[in-house]
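Residue numbers (this note's numbering), protein chains in the order written: chain V, 26 to 423; chain R, 26 to 423.
Heads up, a few of these hints could be off.
The list cannot tell twin chains apart, which means a pair is met if one copy fits it or any two copies do.
[As the list claims (entries may be wrong)] Restricting the straight-line Cα-Cα distance to at most 25 Å, the calculated cross-link-like pairs of lysine-lysine (DSS-like) are:
1. LYS350 <-> LYS310
2. LYS113 <-> LYS226
3. LYS316 <-> LYS257
4. LYS273 <-> LYS226
5. LYS313 <-> LYS273
6. LYS221 <-> LYS273
7. LYS126 <-> LYS313
8. LYS273 <-> LYS126
If you are wondering where the hints come from, they were derived from the structure by calculation, not from laboratory data.
2 protein chains.
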Amino acid sequence: MSKQIFKEKIAQTVDILKEKDIDMWLTFVRESSINHDAAMDMVVGNNSTWEAAFIINKDGDTTAIVGDMEEENFVKAGLYKNITGYLKSIREPLQEYLKKKNPEKIAINFSKTSVLADGLTHGMFLKLLDHLKGTGFENKLTGAEEIISALRGRKSVTELSIMKEAVDETLKIFDEATNFIKPGVSEIEVAEHIKKITFDKGFELGWEETHCPAVFAGPNPSGPHMGPSDKKIQKGTLVNMDFGIMYKGYCSDLQRTWYVLNDGEEKPPEPVQKGFEIIRDSIQKVAKALKPGVKGVDMDAIARNYIIENGYPEYAHGLGHQVGKTVHDGVAGLFPSWERYGNAPFMELEENQVFTIEPRLPVEGYGVSTLEEEVYLTKEGCEFISTPQLGLILINTK
Amino acid sequence: MSKQIFKEKIAQTVDILKEKDIDMWLTFVRESSINHDAAMDMVVGNNSTWEAAFIINKDGDTTAIVGDMEEENFVKAGLYKNITGYLKSIREPLQEYLKKKNPEKIAINFSKTSVLADGLTHGMFLKLLDHLKGTGFENKLTGAEEIISALRGRKSVTELSIMKEAVDETLKIFDEATNFIKPGVSEIEVAEHIKKITFDKGFELGWEETHCPAVFAGPNPSGPHMGPSDKKIQKGTLVNMDFGIMYKGYCSDLQRTWYVLNDGEEKPPEPVQKGFEIIRDSIQKVAKALKPGVKGVDMDAIARNYIIENGYPEYAHGLGHQVGKTVHDGVAGLFPSWERYGNAPFMELEENQVFTIEPRLPVEGYGVSTLEEEVYLTKEGCEFISTPQLGLILINTK
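With the rest of the complex left out, here is chain V (with noise of 0.2 Å):
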């Protein structure tokens, strides 16, 4: 990420802080090479050795307090305005400035809903305890969930610029799928086949290696997050491929299906249309709601009870998902009220959001009808990023 887009997050830190009225958040890590905290991919850069604060205020001053081993590397950074060493223990330092500053309320890198926003380990909250013994301030930390919700959820202009651009390329590699998916390729040749053109354009992979790109040919095909097997593609089935890119710190990800036509087949076979027709309108009727002010969990009943009342299970996992410096990114998602999913589901949708919409279903005899597409929350609506996938892509082997 380039130093531009860190100082550009530090100031949208800084008024949402203000928005939010906290004064202060503290992001507290160690060795952070090993036990990464997320957030310092949105307003640290570097990793840290020893223990480190990384500290913004709502009043807007920055400061980082790390061992001296490293300061230098701070310094040179530029993102804070001050930088303290420490050799021995960042305890007094870290106190002293809290007294300076005084802060009512300083939130921490803790939740339960959110793998982003819970950087802090339950040892490191124990150490940051005994630090602050005595202090007072031990008793004024909260979660910094909806700070780092909405710093993460919130994309700048640059960032929706980026991750445009991530989407055109990633549409540009399922074209070259198109040209390769026939008869009795397998499953992990397709996948060898995208992640080959994938890195001789220079890009990474959007996610782990073992399932990017997944690819299911049905029918009977794997679950979804299922790395691809040796299946071969049948004639007469449907395929189905998950998959994006890294590009320029920012993800995508897609999911496009095709339909290999059987001999004498001009066109799929009835129960295959309709299977993908539900799948695309209901995109388009979750489209059509989504807006800032709604929350995600009546954006997935949508999809949800549209498949059902067609007649299709329902799907067994959340309609969509942010997406961001991670795949799966952001605090707020389109999931339904299962416990696993926490408070995300409930939480208001916000302007310049990105989400996924990935509804599936299963076609009996022929395999899945799944599509992913990326939308982005307008001030009254959405608009969709990738060119939304509206017929079957047809492979003619005749």
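Starting from the known structure of chain V, arrange chain R on it as the hints suggest.
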């Protein structure tokens, strides 16, 4: 890491649980590609998107409770005897499993001392308490530090043999530095040359590229952990390099010191020679004392005091750390009793642990004298893994 090593480490865990009399070790994670618990690299291998529990018991039973979308991945991995999938919440299968096993003591991954034993985030700790509420098991939780310390520290025969190969390969790359270092070449040029050789050989860097290798051209070099600069190597000064590779999943970490002879010099000036010998001899003194049962704090004191007695300032860091899958590995270390090292200096050292020994001292007007060797503890002492540097490597520019 090969499946074989994971199996070795899981089997070793069962022995450690018996030795420490802990019934169960529970690694509790979510979205582990974003917030990664280092324990997974020892006993799991695959990441998990949904909340997951990886459980190893003193009685030898191993069970993973994972999101059902990911169940097949973990079945395929074949490391855990039982794999249980869940859809909406991990709570029920987790409670059910605990009731069946009824452990008296459950170790979870938090530690004030070590990042490697501190993979559980504070938010996940709170979630775990929620999941266990009312079962009584929430009162049976303890830190897994001693399990993880033993597991990471006690290298298996396979691990030791890989680590020896890693050091051998690294020393060959240091020889290439000897051929490259000469007056007028910058720190960055040396670093780029070394990185190119490393990548050409198909290895990865041992730590972050910004300071791997770290190259220091005296006099007045930057502190340790700083990246190389455009400072040029001069005649009549010391040059040091701190460098390691990642080889078959294990790291190396070594330092060497060169002296660039000045016009008319046949050998280094007396202060340079003395500074080198003090460092070299301090390492030998530590190696003679190192054996299972001693404490790191006493090992650090041997080198630190020897350097101070000889009229040099003490080094501003620990004497040495463990090495393994990460460059700073294990929990126990050869550290002074500074607060930031927590309990790590006071743990008894064990057979088959691998340590660096890396004292440092300034040689006024010439630069820094520093060496870093790797040793492993035998039943009764220690053996060098690296061939120790016994004399300054002289760069002759005549």
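Hints violated by the structure (listed by number, smallest first): 1, 2, 3, 5, 7 and 8
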